[in-house]
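Student: For reference, the chains in residue letters:
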Amino acid sequence: MDLTPKDERPVRLLLSDDLHRIRITVFFRLFLAIPLLIWLLVWAIGALFVAVANWVVTLIRGMSPASLHGFLARFVRYTTQVYAFVNLAAEPYPNFGGKPGYPVDVAIDPPARQNRWTVAFRFILAIPAFLLAGALVGNGLSEVLLSSSEEFASFTTVAVAAFLGWFYAMARGRMAHGLRDLIAYALSYAAQTWAYLLLVTDRYPSSDPLTAIGPLPTRTDPVRAEVTDELRRSRLTVFFRLVLAFPHLVWLTLWGIVALLVAIVNWLATLILGTSPQWAHRFLSRYVRYQFQVGAFLYLVGNPFPGFVGAPGQYPVELHVAERARQNRWTVLFRLVLAFPALLLSAVFGQILGFVALLGWFASLFTARMPLGLRNLGAYALRYHAQTYAYVFLVTGAYPYSGPCLERAPAPVPEVAAPPQPLA
Amino acid sequence: MRPLRPATLAVLAGLVLWAVAAHLLWTSTELPSLDLPQLDPDRYFTDSFLERSASYERFLAIVGVLASLVLVAVLAAYARRGQELARESAAGRVGTGMLLAMLGFALVWLAQAPFGVLSLWWERRYDVADESYPSYLLESFLGLGSQFIFLCAGIGIMMGLAGVMRRWWWLAAAPAFLALALLFAFLTPYLIPDNSPVRSPALQAEARALERIQGTDEARLRVQDADRFTDAPNALAAGFGPTSTVILWDTLLDDDFSRSEVRFVLAHEIAHLAHEDTLKRVGWLALFLVPALALTALLTRRRGGLAQPEAIPVAILVLVVLQLAATPLLNASSRRQEAAADWAALEATRNPTAARGLIRQLATKSLSDPDPPLWVEGIYGSHPTMIDRIAMAYAWEEGQR
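If you're matching them up, the sequences are chains S and X in order.
Per our numbering, numbering through the first sequence is continuous, rising by one, with the last residue being 538.
Per our numbering, numbering through the second sequence is continuous, rising by one, with the last residue being 403.
It is worth saying that the hints were derived from the structure and are not from the lab.
Heads up, a few of these hints could be off.
What the hints assert, rightly or not - Per label pair, the in silico range of CB-to-CB distance:
1. X:124 x S:317: 38 to 46 Å
2. S:159 x X:155: 53 to 61 Å
3. S:476 x X:201: 48 to 56 Å
4. X:143 x S:141: 48 to 56 Å
5. X:193 x S:152: 31 to 39 Å
6. X:201 x S:144: 56 to 64 Å
7. S:480 x X:118: 21 to 29 Å
8. S:158 x X:68: 54 to 62 Å
9. X:118 x S:393: 43 to 51 Å
10. S:176 x X:155: 54 to 62 Å
11. X:238 x S:457: 42 to 50 Å
12. S:448 x X:155: 37 to 45 Å
13. S:144 x X:143: 43 to 51 Å
Glycine residues also receive a C-beta, built at the ideal position from the N, C-alpha and C atoms.
Let's have the full structure, built from the sequences with the hints guiding it.
Tutor: Here you go:
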């Protein structure tokens with residue numbers, strides 16, 4: 115992914131969690147959180163009245179009074195801390211007063227002048243952000259939208275990440291880095307959304323995962339995304355994006371059937387040889403790349419119409435797949451079982467992609483540009499999706515990384531040596 | 003006198019061959035030379051119905067003509083400027099061609115949507131349709147997606163062949179498309195949704211008897227659940243050989259139609275199967291496709307030939323204009339096939355009263371103008387006019403005396 119300069123947001127997530135978890139508090143996390151949640155509910159009722167008062171005053175003065183701003187900022191901070199604790203993004207029990215200094219905390223700038231028009235229509239303007247925040251963290255509205263789809267798909271990103279993180283933390287005594295960062299990213303966006311809705315700030319929430327949680331790890335995964343897309347969008351192809359993708363979706367389905375058969379052969383071969391046959395690796399890499407490119411086109415993460423063969427180096431949202439490497443036979447044998455958590459998370463990322471496409475469609479149609487934050491969020495979700503399928507199809511033995519990250523090409527590794535040929 | 007060049011000779015030979023094939027195909031549908039009596043529609047339909055149906059159809063016909071003109075205008079503009087949209091593609095030569103083709107039809111959809119809404123408004127006004135506008139727009143928009151799948155397959159075949167055979171691609175493309183058309187015609191009965199076997203043993207027995215009379219093999223007899231989207235009655239014959247099927251809409255099997263009227267419909271559809279009309283339609287398609295593709299190859303040369311995506315907007319314009327131009331001819335052939343099926347049904351059922359009753363009901367239920375203006379019949383008439391069909395029943399009756 116491309117590295118964009120970090121903007122100084124008025125609502126910033128501060129992450130100092132060390133990933134260490136105590137199993138007993140993890141095991142009873144939901145029960146331990148009950149007092150926090152009750153107190154949050156009480157606080158939310160108070161915040162509702164304060165928010166109405168704040169709206170009236172800000173509309174008149176063009177700026178929130180410091181007292182109301184302080185109360186609402188503290189409410190946003192406390193909410194973030196409680197959610198971080200409940201969802202295993204942080205370990206210590208949070209303070210009931212929303213005091214700063216928590217390992218997953220929010221820094222909020224003092225009150226600033228706000229545009230009265232955006233204040234007047236804040237509730238309407240916040241709807242798109244509220245939808246996305248709902249898919250990430252949950253707020254009721256998005257669940258209603260999603261409830262018409264598959265049952266399990268209506269779980270929020272944070273809920274699924276926390277569910278998976280619970281098992282990881284119970285087993286290892288540590289939270290998985292990627293899952294923690296994913297939850298932190300979602301909380302960062304939710305905090306921005308609440309702050310925007312409650313008039314704590316008039317900066318619209320940014321969904322960019324690259325600037326949401328501070329410094330990101332730089333990784334060299336064998337399956338990585340590279341975005342060189344320039345954000346321009348053709349209104350014509352945006353309007354017809356769904357139907358233009360139909361031929362690709364049909365082709366992808368047909369290709370998918372063959373890919374599934376090849377994946378089964380690849381599984382057997384890798385189990386025996388310890389590495390994928392070159393032809394299977396190449397075929398499945400192409401399939402995963404093609405799936406990635408079609409997804410990028412369909413969800414407006416990329417602009418141009420992709421080719422039908424998944425060729426590398428031709429699309430501005432590119433998937434790099436490393437050469438085949440030796441894989442642990444045990445992980446090959448149990449690959450489907452091992453991939454289950456990733457597939458679960460991938461399904462939730464699919465939901466996120468739906469929202470990216472929906473919001474991006476309107477934005478691109480009106481401005482002929484895809485918002486940077488949405489584009490990067492879409493690329494992040496697609497990257498995870500691609501890594502999951504590459505893992506399932508044994509294109510790589512590397513487990514998908516669920517957190518936002520910076521990526522760079524891995525150092526070249528020597529090709530797997532061909533087995534010695536028998537002498538004639 | 004200068005000797006003719008080989009190319010001119012080949013074109014002339016092609017034209018002669020085409021004319022002979024068209025004649026053979028035309029005459030393969032046998033129809034007795036009838037002197038149909040001139041009937042006065044007032045005798046069979048009420049004044050108010052005649053006025054209402056004429057007004058209804060005239061408006062739709064005018065909207066249809068305007069929509070066709072807009073279609074050509076949009077595609078002409080697209081042929082001039084469409085290639086600029088190639089910058090929106092990272093799909094290589096063939097993929098870019100597909101994108102340009104899809105965008106061309108996407109623009110056509112945008113330009114034609116108002117006409118579609120206008121037609122729907124008119125149909126709703128006359129209680130012929132009750133579909134809502136959003137539902138119509140959504141369905142037609144999503145229908146565009148399935149249209150794009152076939153479009154891409156077609157463009158893929160043409161451009162793929164053009165990449166290999168250069169300017170002679172059409173020689174291979176025409177048989178390829180015909181093979182696909184044949185396959186599609188063969189499978190059509192299985193692609194029609196919401197149909198199930200006819201349950202009535204009496205209707206089954208009648209179908210078998212009519213098949214014996216008309217000397218054709220046993221066909222599948224199905225009923226389609228159509229009353230969810232229309233009240234209009236209809237039936238069709240589809241497939242050929244082992245897939246020969248007669249499909250009756252359930253709107254035909256309600257109490258409004260007598261047993262003998264349904265029997266006439268059955269006989270008409272079985273006649274289509276007996277006459278192998280499905281294959282003849284593919285034959286007409288062949289007669290259209292070969293010159294149309296050759297002309298497309300010729301007219302896209304200035305854009306580098308069909309191997310280049312920039313030529314696609316021009317190719318679409320050429321094919322659509324040729325299709326519009328060929329419509330009256332194809333409709334004339336269709337009218338002839340329908341008339342022959344009516345005649346065969348009269349021969350098989352020997353019940354002209356039922357035929358007349360059925361045709362009057364069909365006209366009334368679908369608000370079809372029994373005696374439309376000649377230009378409307380020429381452009382849109384895939385069946386003989388209702389009044390001609392009634393006249394044919396009289397002519398058959400007369401012939402029996």
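Student: Confirm or reject each hint.
Tutor: Hint check:
1. X:124 x S:317: 38 to 46 Å: For residue 317 (chain S) against residue 124 (chain X), whose Cβ atoms are near 51 Å apart, the range 38 to 46 Å is violated.
2. S:159 x X:155: 53 to 61 Å: holds (60 Å)
3. S:476 x X:201: 48 to 56 Å: holds (50 Å)
4. X:143 x S:141: 48 to 56 Å: holds (51 Å)
5. X:193 x S:152: 31 to 39 Å: violated (59 Å)
6. X:201 x S:144: 56 to 64 Å: Cβ of residue 201 (chain X) to Cβ of residue 144 (chain S): about 57 Å, so the range 56 to 64 Å holds.
7. S:480 x X:118: 21 to 29 Å: holds (25 Å)
8. S:158 x X:68: 54 to 62 Å: Taking Cβ atoms as reference, residue 158 (chain S) and residue 68 (chain X) lie about 59 Å apart, which means the hint holds.
9. X:118 x S:393: 43 to 51 Å: holds (49 Å)
10. S:176 x X:155: 54 to 62 Å: holds (60 Å)
11. X:238 x S:457: 42 to 50 Å: holds (45 Å)
12. S:448 x X:155: 37 to 45 Å: About 41 Å separates the Cβ atoms of residue 448 (chain S) and residue 155 (chain X), which means 37 to 45 Å holds.
13. S:144 x X:143: 43 to 51 Å: Holds, since residue 144 (chain S) and residue 143 (chain X) (Cβ atoms, about 45 Å apart) stay within the stated range.
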